[in-house]
Amino acid sequence: MSKTTTLQSAIETIPCGSVVMIGGFMGCGSPDSLIDELVRQGKSDLTIIANDTARPKVGIGKLISAKLVRKVIASHIGTNPETQAQMIAGEIEVDLVPQGTLAERIRAAGFGLGAVVTPTGVGTVVEDGKQTIEIDGTVFLVELPLKADFALINAKRADYRGNLEYRFTARNFNPLMAMAADRVIAEAEDIVPVGMISPDMVITPAVVVDTLVAKETRHG
Amino acid sequence: MDDKTLIAKRVALELNDGNLVNLGIGLPTLVAQYLPAGIDVTFQSENGIIGMQALPADAFPSADLTDAGGAPIGCVPGAFAFDSAMSFGLIRGGHLDVTVLGGLQVDELGHLANWMVPGKLVPGMGGAMDLVSGAKRVIVAMTHTAKGEPKILKRCTLPLTSVRSIDLIVTELAVLQTTPEGLLLKEVAPGVSVEQVLAATQAHLIVPEQVPVMPLAA
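Heads up: the sequence lines are chains L and U, in that order.
The opening position of the first sequence corresponds to residue 1 in this note's numbering, with each subsequent residue numbered one higher.
The opening position of the second sequence corresponds to residue 1001 in this note's numbering, with each subsequent residue numbered one higher.
No false leads were slipped in.
Pairs of lysine-lysine residues, derived as BS3-like cross-links and limited to a Cα-Cα distance of at most 30 Å, are as follows:
| # | chain 1 | residue 1 | chain 2 | residue 2 |
| --- | --- | --- | --- | --- |
| 1 | U | 1186 | U | 1004 |
| 2 | U | 1186 | U | 1154 |
| 3 | U | 1136 | U | 1154 |
| 4 | L | 3 | L | 156 |
| 5 | U | 1147 | U | 1120 |
| 6 | U | 1136 | U | 1004 |
| 7 | U | 1120 | L | 57 |
| 8 | U | 1120 | L | 67 |
| 9 | U | 1120 | L | 71 |
| 10 | L | 130 | U | 1136 |
| 11 | L | 67 | L | 147 |
| 12 | L | 130 | U | 1120 |
| 13 | L | 130 | U | 1154 |
If you are wondering where the hints come from, they were derived from the structure by calculation, not from laboratory data.
For clarity, every value in this text was computed on a predicted model and none was experimentally measured.
Turn these sequences into a full structure, and let the hints steer you where they fit.
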C-alpha cells in the first residue's frame, strides 16, 4: 500500500521533454528535493508550469540556472534575471498568465472542466488570440485548462498512502497541481502511518498521488 | 519625511475598520505601518493567507510562511491559510475591499499599466491583473514622475493591467480621484502648489477652486 520510493527512482520515471507542474511560490512550498534530483539527473527540454521561477539557484530557479527548461508557463519571472536573460536570448519560451487565471486553468484541468471564463485580462494583451464570451452584459475571456505529464508537489506531512497536509503559505499551487497531472510525485517533510492524519485535515487525497518521497533534510 | 513614507501615510487613511486589504510588494507594503489607531484591518497575501502581519522582531521566521515576494512574515491569531484558487476567488469574487498597488503609468480613463515595459522589463503580471479586475477599490500608490517624466498621462503607452478604472492615485505631490469626467485633483501634499502638480502631470486634471492639503496618518 505504501507509495514511498527513493528520490532517484521517482525522478527516473520523468522523460526529458516532459510537461511538469511544480508547486511553490517564490520558493516557498517548492519540492526542493525533487528539483535537486531533476538537476542531478539532467532532465532537460522541460516545459515547466509554475507560479514563478523564484530566484537564481532557489527552488525552480535551479532548473533555469541548469538550462534544463525549454518553456515556462508562469505568472511572474521578474525575480529571476536568468529567466529573463534566457528569454531574451531565445533559449526559453515564456508564456505569462495572470496568477488567478493560472490557478483556475490548472483547477479546470484537474476538475474536468472544458474551460473557465474570467474577467481578468479582458481588453489587455492577455486577450490576444482568445475567445471572449458575453454573459449578462459582461465580457469574459475563455481560458483553457492546463494539464501536465507530471506534477511535483511539496507537502508538510503525508501518510504512507499519500494523503497530504500542507502548512501556511507553502500550500499555494500544490493541491491544484496534484489534481491536474497524469502522474503525481509528492515529497513530504514527515511521512507518518496511515490514520495519523485526521480525514478533516487531508487537503490532497491519496487517490491522486502516485509516488511519495521523503524530503531530504539539510544540516548547516 | 521621504516620498514613500508620505505616500504610505496618506494611503493608510483610506483603509476602513473591518476591511480586507491586499498590499502590493514594495511601497504599498509600508501602508500597514501607519494604520490609524482603532482601525482593525485584515491583510491578505495572495500567495495564500488572510491575517498576515510583519514578522515580529523577536519571532523565528518559518520557511513555510512568506509574503508574495518570498520574504518571511508572521500571522495574527485567527489567520487562515489557503490555496491559490481560493486566494483569487477572494480577489475576483468581490470579497477584497481594497488593493493598493504600485504603478508605472495611469491615464485620464483611470487605466493602470504596471506590469511590463516592452523590450526592457518583462517581469509578468503576477496577481496584478486579477487584483485590479476584482477588488472593490483599487488605490495606486506611486511616485508622481519617473526620472522627471510624467507617469500620469492622457493615455497609457505601456500595456494595460486592466481596462477597469482604478479609484484613487496617491503620489508624493497629490491625491487624484477618477471620475466619469476625468481625473480630479482632490488634495495636494503639504508645501506643494497646484501649479507644481499640473507641471508634473501630462493628463488633464479637473481642479476645483479650493484644493485641500493632504492629511497624513501619524
